[in-house]
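Sequences and hints are given; from them, build the entire structure.
Protein chains in written order, with this note's numbering: chain L, 90 to 223; chain D, 90 to 223; chain Y, 13 to 93; chain F, 13 to 93.
No false leads were mixed into what you were given.
Here are the in silico distance ranges between beta carbons for each label pair:
| no. | chain 1 | residue 1 | chain 2 | residue 2 | range |
| --- | --- | --- | --- | --- | --- |
| 1 | D | Arg137 | F | Glu22 | 56 to 64 Å |
| 2 | Y | Leu27 | L | Lys211 | 50 to 58 Å |
| 3 | L | Pro149 | F | Ala80 | 15 to 23 Å |
| 4 | F | Thr62 | D | Arg137 | 54 to 62 Å |
| 5 | L | Lys197 | D | Ser181 | 17 to 25 Å |
Simulated from the structure, these hints should not be mistaken for laboratory data.
Note that the structure is a prediction, hence the values are computed from the model and not measured.
All C-beta atoms in this analysis are idealised placements derived from N, C-alpha and C, irrespective of residue type, glycine included.
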Amino acid sequence: MSVAIHIIDGPLQDAINYGAQNSFTQTATNIGATLVFEGVVRALEGARHIRALEYEVYEPMASRTLAGLAQDILATHGLISITVEHSRGQVSVGERSFRLSVQSAHRKEALAATDEFITRMKCDVPIWKSPVYS
Amino acid sequence: MSVAIHIIDGPLQDAINYGAQNSFTQTATNIGATLVFEGVVRALEGARHIRALEYEVYEPMASRTLAGLAQDILATHGLISITVEHSRGQVSVGERSFRLSVQSAHRKEALAATDEFITRMKCDVPIWKSPVYS
Amino acid sequence: MIVHVLIFGELARELSCKEIAVDVVSTAKVRDVNFALAAKFPAKSQLFQTARLAVNHAFTSPDSPINASDEVALIELVGGG
Amino acid sequence: MIVHVLIFGELARELSCKEIAVDVVSTAKVRDVNFALAAKFPAKSQLFQTARLAVNHAFTSPDSPINASDEVALIELVGGG
Numbered sequence: 090m091s092v093a094i095h096i097i098d099g100p101l102q103d104a105i106n107y108g109a110q111n112s113f114t115q116t117a118t119n120i121g122a123t124l125v126f127e128g129v130v131r132a133l134e135g136a137r138h139i140r141a142l143e144y145e146v147y148e149p150m151a152s153r154t155l156a157g158l159a160q161d162i163l164a165t166h167g168l169i170s171i172t173v174e175h176s177r178g179q180v181s182v183g184e185r186s187f188r189l190s191v192q193s194a195h196r197k198e199a200l201a202a203t204d205e206f207i208t209r210m211k212c213d214v215p216i217w218k219s220p221v222y223s
Numbered sequence: 090m091s092v093a094i095h096i097i098d099g100p101l102q103d104a105i106n107y108g109a110q111n112s113f114t115q116t117a118t119n120i121g122a123t124l125v126f127e128g129v130v131r132a133l134e135g136a137r138h139i140r141a142l143e144y145e146v147y148e149p150m151a152s153r154t155l156a157g158l159a160q161d162i163l164a165t166h167g168l169i170s171i172t173v174e175h176s177r178g179q180v181s182v183g184e185r186s187f188r189l190s191v192q193s194a195h196r197k198e199a200l201a202a203t204d205e206f207i208t209r210m211k212c213d214v215p216i217w218k219s220p221v222y223s
Numbered sequence: 013m014i015v016h017v018l019i020f021g022e023l024a025r026e027l028s029c030k031e032i033a034v035d036v037v038s039t040a041k042v043r044d045v046n047f048a049l050a051a052k053f054p055a056k057s058q059l060f061q062t063a064r065l066a067v068n069h070a071f072t073s074p075d076s077p078i079n080a081s082d083e084v085a086l087i088e089l090v091g092g093g
Numbered sequence: 013m014i015v016h017v018l019i020f021g022e023l024a025r026e027l028s029c030k031e032i033a034v035d036v037v038s039t040a041k042v043r044d045v046n047f048a049l050a051a052k053f054p055a056k057s058q059l060f061q062t063a064r065l066a067v068n069h070a071f072t073s074p075d076s077p078i079n080a081s082d083e084v085a086l087i088e089l090v091g092g093g
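Structure, rendered in structure tokens:
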């Protein structure tokens, strides 16, 4: 059972491989589902074309709130691990600003946890995004 | 809008990067969410320890059924793309046998589509798994 | 006519075969193949009577006609993923 | 006493500042800071009266006491992801 939170300057790079291969601990062999959700910056914000989004992150509250939320979701849904990555600063259209990686025994809890995590993040975590126009 | 189905011999390798980076087509810039779900072989099947699962795939019906299901889910949920990878043959504990990659404008449809896809796949797609004991 | 039905997975291991031949009338429909399977394996009667059969790689209705040259497969108890 | 309230995002741009100073009594509670913000910006009265304030990087109840040395931040209209 583990939680990791990373605030990254600029766009996220390719995901680290969170698969269970070559890690035959008792926990790893119970992983039956991994789910990776990525948020990508879209070209349209409302009706206007944008070039990028600028993310403002209020630290250390943002990391603390994300960690508290992840711990709560991990316990409620009985997950094996949660990793959260969120950008700070400018992220261009087509680039990734958010990644949630979940490991669990079965798919149901991974999907439910992802949905709940993102919904609650958008209410409680002090991160603001602002459009950057061309 | 695209659908791709791959039946792979043995365990799945790391995911191709389905991110929208460097592909600034009109469609790509509308991608706001990508979701990658992976199924991993667990050490316990029921109460017994296993070494691997053996997947038997009835082709071409399996690929056709997966493609039909993916097309249907793509249309129903208004997704941008679906890619399905499924193993055939032996996959050891901790290795991946299934990957569903979805691209959509928003997260809600990606999550709902993933849930529906897997539920329907387990009913309709002619793929059988058998435990391999040590 | 003789119709050959492919079987897979646990069922194939349990019955120690991958294909079951059944004899049905030449005007047989898909459900007649189900009934013939059930008659051949009384211990599996319930499974075979209700099992979905695919004909030439597509699910079909129990009312569809069937020919000796069709590829018939019993698609039941699948478990992809 | 003077309490400084950090603001972010659209609101900070709209008001052209990143921090608002308000004057409250020394026995003030969190909700008194909300009221002081609302009084200072009547056009944003509703927002400021109901906005959630974090004190020292944690959400707190409107009844919590507040000190001049506390770091207060208005956490509203967030949109991570």
